[in-house]
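Novice: Sequence:
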Amino acid sequence: MVNRKLKFLIPRERSEIIPIIFVIILITIYVTFELYVILPAIYNNIFTYKELFHLLFGFYIIFNLIGNLFLCMATDTSVDTIICPVLLPQQNVPTSMSDKNNQQDIIFQHCNWRYCYNCEVNVPPRTQHCYLCKRCILKRDHHCSFLGRCIGFRNIRYYVCFLVWTGIGLCYCNILHVDYTYELVGSFSWRVIVACLFPFGAWLFRILDHFSLLLSFICSTSIVLSLYVLFLTIQQIYLLANGQTWYEYGKNIHIYGSQTCLRSNLEVVFGKRWRLILFSPLIASPPCGDGMSFDIKMTGTVDSRSSEPKRI
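Numbering of the sequence shown is given in the UniProt record's numbering, commencing with residue 1 and proceeding in unit increments.
There is no bait here: all hints are sound.
Computed Cβ-Cβ distance ranges for the label pairs, DEER-style: (1) Thr-32 - Ile-82: 40 to 46 Å; (2) Tyr-247 - Glu-120: 19 to 25 Å; (3) Asn-252 - Val-178: 39 to 45 Å; (4) Ala-284 - Ile-82: 17 to 23 Å; (5) Pro-40 - Asp-290: 50 to 56 Å; (6) Leu-262 - Leu-282: 21 to 27 Å; (7) Val-178 - Gln-235: 24 to 30 Å; (8) Thr-221 - Ser-264: 36 to 42 Å; (9) Asn-252 - Lys-134: 24 to 30 Å; (10) Tyr-131 - Lys-272: 30 to 36 Å; (11) Glu-120 - Lys-272: 31 to 37 Å.
No lab work stands behind these hints: they were computed from the structure. All C-beta atoms, glycine included, are put in the ideal place defined by N, C-alpha and C.
Please work from the sequences and hints to get the whole structure.
Specialist: This is the structure:
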């Protein structure tokens, strides 16, 4: 099982190894920079209880970040983990063939089992084929090129937690960088702001030397990355709150999940212990369901009188 997980870490597309290595190198650079440059400069190489707190909190961030990253990449969320029927199951949602352009008819086509000609297997609803992973992914959300993985039914929890802890880690680094800048120059000025926001411009105009350029580049990169990760996290939480995937968002499909109960939508994705998963990637909280059947809202469909959810 361990060998299979390690083998699964290697992307099908060899070109995606480069962004994965980039992410790992970036994490290593920031950890090394904070430990060997920032903290010694702030506390003048004197070991205090404050530095101990920073070290413990920093390693806790690294543990959650690396743990969720590894589990997100090592968790198989494809149809290879389920037994697919040889014959297509009977349709549970009625389809109207009278109007091919009807929006509800288009939605209903995504609510039943169908045949994937690429994998040559019958796949359940919300399953999409990924041409980079070369397999069908259960409840496929999107393909993350930075991780070389498809985000789907079983690993979206680790992906979201990875984004959250990456954002926390970057914000924490930004706070330390402010303290470091204050300790270095003693005060804030327009030169410091220019050096942090535009390090190469400051270097060209000789405001910074070569070593200060490297430090300013790392500090400015952490600000840009924290904003980018924050944007990704807000996007993903918005989709989860609406019970949608990226594919369903693009197709304007709103029949899955509950529009009024945020808790039920979170439990479907993160499991019953969704309040605890952020504290550790080792906390067991499997997603509700089997990835093959889902509750849908029948309001506004063929039978408009029925507003109760129906399981498909």
